[in-house]
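**Q** As a plain string of letters, each chain reads:
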Amino acid sequence: MSAHPTTYVPKSAFGKWFESRLPIAGLVHSSFIAFPVPRNLTYFWTFGAILVFMLVSQIVTGVFLAMYYTPNAGLAFQSVEHIMRDVNYGWLIRYLHANGASMFFVAVYIHIFRNFYYGSYKAPREVLYILGVIIFLLMMATAFMGYVLPWGQMSFWGATVITNLFSAIPVVGDTIVSYLWGGYSVGNPTLNRFFSLHYLLPFMIAGVVALHIWALHVPGQNNPTGIPIKSGKDAVPFTPYATIKDIFAVVVFMLFFAYWVFYMPNYLGHADNYIPANPAVTPAHIVPEWYFLPFYAILRAIPDKLGGVIAMGAAIVIWCFMPWLDTSKVRSTAYRPLYKQFFWLFVVVCVILGWLGSRPAEGWYVIASQICTVYYFAHFLIVLPVLGFVERPLPLPNSILESVMGVQKGGAGVPAGANPEPHSKG
Amino acid sequence: MMKRTLLIAAAVLGFSGAAFAAGETPVPPQQKWTFQGPFGTFDRAQLQRGFKVYREVCASCHGLSYVAFRNLAEPGGPEFSEAQVKALAAEYQINDGPNESGDMFQRPGRPADRFPSPFPNENAAAAANGGKAPPDLSLMAKARTYERGFPWFITDVFRQYSENGADYLVALMTGYQEPPAGFTVPEGGHYNHYYPGHVIAMPNPLSNGQVEYPKNEAGQPQAPETVEQYAKDVTAFLTWTAEPHLEARKRLGFQVMLFLLVLSGLLYFTKKKVWARVGGEVEGHATPPMTHNP
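These protein sequence lines map, in sequence, to chains A and B. Be aware that the first sequence starts at 1, since it is given in the numbering used here, and climbs by one per residue. Be aware that the second sequence starts at 1, since it is given in the numbering used here, and climbs by one per residue.
Any given hint could be a false lead.
Claimed, not checked - Capping the alpha-carbon separation at 27 Å, the derived lysine-lysine pairs in DSSO-like fashion look like this:
no., chain 1, residue 1, chain 2, residue 2
1, A, Lys230, B, Lys86
2, A, Lys329, A, Lys122
3, A, Lys230, B, Lys132
4, A, Lys329, A, Lys340
As the list claims (entries may be wrong) - Between beta-carbon pairs, the in silico distance windows are:
no., chain 1, residue 1, chain 2, residue 2, range
5, A, Asn72, B, Gly130, 48 to 56 Å
6, B, Phe153, A, Pro189, 47 to 55 Å
7, B, Phe153, A, Val60, 56 to 64 Å
8, B, Ala218, A, Gly363, 57 to 65 Å
9, B, Asn204, A, Tyr68, 38 to 46 Å
10, B, Val27, A, Tyr68, 34 to 42 Å
11, B, Val27, A, Ala141, 35 to 43 Å
As the list claims (entries may be wrong) - Footprint (simulated), chain A over chain B, 3 or more residues, beta carbon under 8 Å:
no., segment
12, 110 to 124
13, 250 to 257
Source of the hints: derived by calculation from the structure; they are not laboratory data. Think of the CB as a built atom: it goes at the ideal place given N, C-alpha and C, for glycine as much as any other residue.
Produce the complete structure using the sequences and hints provided.
**A** Quick look at the structure:
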């Protein structure tokens, strides 16, 4: 945010007085108004705004739910039903919150794979990218603890299975698990601390999101060509161009969100979670929410408990090393014909892993999970480093503007001086 | 074999979770429901009949503890009149107290009371039913489902199929039959075609003509007094108890979708106009020169 000297000049006397004491208006102006945005961004670049909307939506609906929810093992299930039946529009708030978690993950997965495709993780955006991975990890923890709160069968048994994973850690494992549980099994203290943490973590996410946006405003946004902004003609000011596009995209995403909330509100959940938690009865299949399934498949692909936990953790931690594992000088996959095929193969493998995660761990499902897990890691450890050396990328355009004119079949392009606002940064 | 043994063991213990034994449990047929689809609403008469079935058949063992008598008069449900609900509530005895002298007492029910459960506590319910308490039915239509499998779980999203629980319940209640040759039903169990593992603790609850339905002008029952019809009616009623705001949800949903559709249209054209200032929106990247420059 500090990378571009602000061109903001307060007009009123109070504005000048205030700005000289706290230059927040200038900060907002340089970050969200004058900030130069590559002019060729596609709708894949609107998912940042969509994710901010989802975070706010989850916090707002969550705060209202917390006014009626009771974090007690004997009362939690009942209090959720109270919200669903007796609280005015309680059913709406709860369905928004429950489906909102899924929508949050839909948006974040598109955001992450957009970053993979266009090489947004490469220099100079490594810190920005790693902050994103941290946000994703915090989201996973938040979503997991949130799913425990209704205290249904899948809440209870999901919590049991996942917290038990920590016991695989040598020496300190059992101690960690008893701290997570607040006792010697999942019970009321577990529910209490999960509720507390579920309320805390979203604000930590908001903090890291602020850092993520800050880190974004230093190098600026990547774009479909992967080449940086070279002149003012390559960019447009954030407001109104990116703002109106983001608002439009958020509203279209709200349509998608509303479809689930109003017509299929329980599709993304589990029927078992409408059965109150019962420590004496284990559900036939304990399955996590859909957004955890690929990682769950990796966990179960390894026959050893500790090995499975390490593989599952490594599946995400390995993302942090991508900026250095990828040896290609070219950012955008659009100019990497060979990598393009591997990228889509990787997407397919992730989807198959997700499906395998929903299957019981038996028969050929296990073998398929193992093959996919090996490929998942090979993508990062073999494909990314090797391809940079063997692949011959296509020639890059000289500038975003040149590329964009190509899109328009060498036609209209941007008339000289058509862009009324000067840009401070190339 | 091991799996079957485990399933039978679970069923004998009365385990009633939504268990699926791959390839063993048949798929329930899909029914036609008035409440399916984006504009679905409940059939009031069907909910009222379903309530009668619940009251005369299911209620002797199963509770309905999340439902209050007043709910029966609320919009979007069976919509009994206030007077009917008041009279109905008064037929039940509710535990209340303690009074001024510290004693618990019984009093006639009021519309604000919830349905009293048939057993004083879970242990009593279990003791009277062969070791396992019959589950509460309030949420049953959402707490059961059946495996859809690929590709149906994807097409379900587009055709808004969310009556899995209801279809399963009808199949279960009409699925009692003689066990196939060679299948031994353990003591205290009953063979059911659609129950996962086929051995269910609940005996066949319904029989033809068991519940008398209200008569129409011609003096005929308004719906056939058959097991099939009873099962459908009580399932519709249980879908309402599980999702009492279903009608309000779908109605509001349509308004929200319409509003967002219009708003997104307006925003689209606003965006186009704004971008026209810089010569229109351009996205993406050129087809790399090698492919179109010989």
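**Q** All hints are to be evaluated individually against the structure, with a verdict given for each.
**A** Here's how the hints hold up against the structure:
A C-alpha spacing of about 77 Å is found between Lys230(A) and Lys86(B), which places the hinted pair above 27 Å, so the restraint is violated. With a C-alpha separation of about 9 Å, the suggested pair Lys329(A) and Lys122(A) falls inside the 27 Å cut-off, and the hint holds. Distance restraint check for Lys230(A) and Lys132(B): the Cα-Cα separation of roughly 73 Å exceeds the 27 Å cut-off, and the hinted pair is therefore not satisfied. Distance check on the hinted pair: Lys329(A) and Lys340(A) sit about 15 Å apart at the alpha-carbon level, within 27 Å; holds.
Distance hint check for Asn72(A) and Gly130(B): the Cβ-Cβ separation is about 31 Å, which falls outside the suggested range of 48 to 56 Å. Hint check: Phe153(B) to Pro189(A), Cβ distance near 37 Å, so the stated range 47 to 55 Å is violated. Roughly 31 Å separates the CB atoms of Phe153(B) and Val60(A), a value that falls outside the hinted 56 to 64 Å. Distance hint check for Ala218(B) and Gly363(A): the Cβ-Cβ separation is about 59 Å, which falls inside the suggested range of 57 to 65 Å.
For the pair Asn204(B) and Tyr68(A), the beta carbons lie near 40 Å from each other, so the given range of 38 to 46 Å is met. Distance hint for Val27(B) and Tyr68(A): a CB-CB separation of about 38 Å, consistent with the stated range 34 to 42 Å. Our hint of 35 to 43 Å for Val27(B) and Ala141(A) holds, since their Cβ atoms are close to 37 Å apart. Residues of the segment 110 to 124 of chain B with a Cβ under 8 Å from some Cβ of chain A number 0, which does not satisfy the need for three, so the listed coverage is violated.
Coverage of the segment 250 to 257 of chain B by chain A holds. Counting CB-CB distances below 8 Å, 6 residues qualify, and the rule asks for three or more.
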